[in-house]
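**Student:** Read off the chains here:
Number of protein chains: 4
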Amino acid sequence: MYHHAGFFCRTIMHCEVTQMKLTNEILSEILDEVRPLLGQGQVADYIPALAQVQADKLGIAVLTNEGELFQAGDAEDGFSIQSISKVLNLTLSMGIYTPDEIWSRVRKEPSGQAFNSMIQLEVEHGIPRNPFINAGAIVVADMLQTRLSAPRQRLLEFVWALSGDTHIVYDKVVARSEMKHSDRNAAIAYLMRSFGNFENHVLPVLENYFHGCALKMSCVQLAKTFSYLANQGVSVLNHKSVITAVQAKQMNALLATCGLYDEAGEFAYRVGMPGKSGVGGGIVAIVPGEMTIAVWSPELNSSGNSLAGSKALELLSGRIGRSIF
Amino acid sequence: MYHHAGFFCRTIMHCEVTQMKLTNEILSEILDEVRPLLGQGQVADYIPALAQVQADKLGIAVLTNEGELFQAGDAEDGFSIQSISKVLNLTLSMGIYTPDEIWSRVRKEPSGQAFNSMIQLEVEHGIPRNPFINAGAIVVADMLQTRLSAPRQRLLEFVWALSGDTHIVYDKVVARSEMKHSDRNAAIAYLMRSFGNFENHVLPVLENYFHGCALKMSCVQLAKTFSYLANQGVSVLNHKSVITAVQAKQMNALLATCGLYDEAGEFAYRVGMPGKSGVGGGIVAIVPGEMTIAVWSPELNSSGNSLAGSKALELLSGRIGRSIF
Amino acid sequence: MYHHAGFFCRTIMHCEVTQMKLTNEILSEILDEVRPLLGQGQVADYIPALAQVQADKLGIAVLTNEGELFQAGDAEDGFSIQSISKVLNLTLSMGIYTPDEIWSRVRKEPSGQAFNSMIQLEVEHGIPRNPFINAGAIVVADMLQTRLSAPRQRLLEFVWALSGDTHIVYDKVVARSEMKHSDRNAAIAYLMRSFGNFENHVLPVLENYFHGCALKMSCVQLAKTFSYLANQGVSVLNHKSVITAVQAKQMNALLATCGLYDEAGEFAYRVGMPGKSGVGGGIVAIVPGEMTIAVWSPELNSSGNSLAGSKALELLSGRIGRSIF
Amino acid sequence: MYHHAGFFCRTIMHCEVTQMKLTNEILSEILDEVRPLLGQGQVADYIPALAQVQADKLGIAVLTNEGELFQAGDAEDGFSIQSISKVLNLTLSMGIYTPDEIWSRVRKEPSGQAFNSMIQLEVEHGIPRNPFINAGAIVVADMLQTRLSAPRQRLLEFVWALSGDTHIVYDKVVARSEMKHSDRNAAIAYLMRSFGNFENHVLPVLENYFHGCALKMSCVQLAKTFSYLANQGVSVLNHKSVITAVQAKQMNALLATCGLYDEAGEFAYRVGMPGKSGVGGGIVAIVPGEMTIAVWSPELNSSGNSLAGSKALELLSGRIGRSIF
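Protein chains in written order, with the UniProt record's numbering: chain W, 1 to 325; chain B, 1 to 325; chain Y, 1 to 325; chain C, 1 to 325.
I should point out that these hints are in silico values taken from the structure, not numbers from a laboratory. Hints may be right or wrong, so weigh each one.
[As the list claims (entries may be wrong)] Restricting the straight-line Cα-Cα distance to at most 30 Å, the calculated cross-link-like pairs of lysine-lysine (DSSO-like) are:
no.	chain 1	residue 1	chain 2	residue 2
1	C	K311	B	K180
2	Y	K57	W	K180
3	Y	K21	Y	K180
[Claimed, not checked] Residues from chain C that face chain Y, not an exhaustive set, calculated with beta carbons under 10 Å:
no.	residue
4	T244
5	A248
6	G272
All C-beta atoms, glycine included, are put in the ideal place defined by N, C-alpha and C.
Just chain W, with the same shape it has in the complex (with noise of 0.2 Å):
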């Protein structure tokens, strides 16, 4: 019996101490103690299309690696994904790179600073922190563009078979707004190329890139497509392999690390799950092992991460007795 084998089946005991069984119930709960947080945050306004959202939105779903789905208020109401489109192409990359390709164009540290500061990449001669970074995740973006031959597309179509639903779509809207107000990422791709870290023309990429961040999805969609991280990379919905085991590992580390903007510390302290988050107010959590989660309210707090979202996702690691810490 391997929980007699000691030190390696801490669960065990664990689970008959704290944990709960997850149900609808509690995802509800939740979302009424988080409530009140509700219009003490802002909605990300740096884009017209994003500024027009309905700020009271709340909703969460929790897909576990049996397969059960949990879900509570605006779970099946599509948003603004965002960043968390980031980890989406990152994950692409992964499947056309070996990590050397990878890790030489873009570091694993947190960074820092400020989610599109320019400082650092300068001194850190155009060579970006993380992927999780506007000018990491262009650089990715870059990759993909060198060996895709229709990169918006591949997104989707993958998107497609990890959520199981062929209705995802870009709001091109809110494409069209990013694409406008591009400047500041315009800066960065110019400034990775005068340091030879960027390969094609830029507005090409960046247009690729901002489609992933136009992706519309709800939380039952982002629960299913990023159930590959908490189940070893393979999805739970498909059963297919995405990426590694080994590779899942490597993602969670460096969302735990790097996927929450400046606010990866107070995050890990707070809910202790690796996570990303994305200006439209969405964050995705995984419990390695167990279950993905998906959190939506569209106001930020000042690090530019859901306000009530991240109050979710501490209460529901709280409620359930689970983190990787």
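Add chains B, Y and C to chain W, keeping to what the hints say.
**Tutor:** Positioned in the frame of chain W, the structure of chains B, Y and C alone reads:
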């Protein structure tokens, strides 16, 4: 039976597939595998006393939460624990300050900078990024100075109790050598004082801080001392509660995002354990719920972390299939 | 008689003690004295077209406000004036914009940074430090683009008029080479656009900017062209007013504090004249009220200023006892 | 006769056109013109002793190289000269150190930063940008400490000799208040020490440095004291040589590029004279070869320079047609 509940108990299935029982032999094999790295790093030389260490030392010790001790190599040789002492000081402060008192004076975010950079400290108005960079550790030392009558003696007794070994001492030569080369840390302290984030006279606080760094401990002693972090706050050795289970979880979160200087991301990616390194070449790593690991090899990589030590942890993580991700 | 009034007319006494009449021989002697420096600097190589220049070229020309021309060495050879063109563009902008319009978009302070750093630009929200670093010059080019129908042609005609020489042309090879290596300048322009400090399409503005840099002129032509700065805004050549006397004074003040990249202080200390350098190895220097000097030697020092050229100016300043201090 | 030689003697023609004989009335008119600015700036309040000054004080004094003294307003009231003392210390150091000794420890470039920033100091390895920012002035104070047996007394005697007034004293209340708020300057000193650019104990050097800042002098005393800078190194008062003519010229160059904190460019543009300001509201300005000006008004602009004082200098420069450009 909770381990039937599905998504909660990942460890069961997990165990059946990838885990291997730990033995002294496994540890010896790992040390043999990393030994070729000796000679490829740099012993810390910023103070003469550290530069004199024997560069080819190599040791590892593991204490499971069940109290089994495994070890290999120079696991009983004492060395300068240096920054590992920052965890001890923070643990002490958690007992005498509220979270709000602590986290208003030091943050919880990775710095994205060299461990002793003053730039960020100035830009962020004297509030250090986290308690494991020098500035943050000096703030914690300042807090201890304010509320403890004899902080240096208190720290020593704390280590004696945790390790069960009253032979542990401060290496006076190292402490004095640190103090002679303390200008940059004095600059850091004075800068924080200019922002109102420092309460005591600078030199006595630095004296105490450096004494912590000058603690001479072995891998075995370290594994015992830090076992409370793997065991929900309770010392595996004497079964006394050091901090609460929640605090232990939080400390592990801090270690995972900030414990390895500017290499936390890389360490998470390769090793996948919360950990804390010191420029003496020691690293302590935690598998929450399972075991505490201490490794030592004096030669450092360019980020100031033990070169062979971090490789040994990477191999161990792979061999026994344990990480937090 | 005002020159008896005491404090006004320092020059009288001054003249009797230290000054020496300028001659072609003095200029030749100075060139001989600096010639040993040839071989100790570095020809600019960031674009291939510049790297091909003959490294041991050396020339100087002086035009007095009375219209006397002195020259020595390769004073009639054309070379790429590069950043010296920034003064021409700023002069043009002074004719079509009010001071408030100009100085709200670019400041007047030394940067304390490398000429093409983006860090300061981000920290200071897209407002460049001064019109002689790249960012500032690109803003000025953007302003010209907005209000001139054919800025490139206008600049050329302006230079023809000032130099009295319609053979001056843009070196198309250099301009094309600059454009091929324009990524960093594009990054700068897009960053300013992201802060709302850029009005036109980036590429056409850069094209015009680079054409200015690619003007091919000789020392003699430069001394004639910039004579208005020494002569209260009036061209010594054609006696036409280019800018007002106050504007000329202001331009000299800008040149004295910001004209020599990150070496303005050293240049003031050694030479004591307002001046502007270019990475083609040219430097124009002004003795207000007296003369305009142009010197050329392609090898640069570590700050990007002509090594032999700035030494020649230092010697000239000492020999004829003229500086602004 | 050299003043016939053409390009040397710009002053002749110049005089006939724009200059006006200086009188006390002109100075009074200028003060009346700037008086409306009183109330629009901020008295320095970083130390309590400075904050207590009467905010609406306004005075000006001019000493010509012929020894004529003009003055208006509160020109004989003593005030804290603060950073103006940096020029005195540098002058003293020029007498006991070679240029190489001085300029290897401090540079001559504008900082492009706030006067007490540590960022640049860290990036540039403990070598301050120039002797007029705090870091540079503290290095100079360290040099004086090394070679003078009683630097504080020496400075006082130096000022007595230059001003011809032995009633000038250190304001002990200000000096003590500075010392109480010296943390940031201590941080700067320790940081330089960590880079090997500081030789003595920090606190005694700071004590001396702050005493210089705490010199209490009037505009009249300042104009007399600094007359050597306008007069080729020779005191107008006692006709003794303080520094060489070349050194005076170099000092003026340093003042022109670095003397007004992060506003040297603006000051050159508007006033066109080498100058040095202090947060006590004083500014000393030099017209080389002609006169020394001191102005005082305690309220500062956002760059830390006297608001009404710098405006008065701008008006004076325009009225008498004198600037270096």
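**Student:** Next step is simple, just say for each hint if it's right about the structure.
**Tutor:** Tested hints:
no.	hint	verdict
1	C:K311 / B:K180	violated, 49 Å
2	Y:K57 / W:K180	violated, 48 Å
3	Y:K21 / Y:K180	violated, 47 Å
4	T244	violated, 13 Å
5	A248	holds, 8 Å
6	G272	holds, 6 Å
Violated hints, listed in ascending order, are 1, 2, 3, 4; each of the other numbered hints is respected by the structure.
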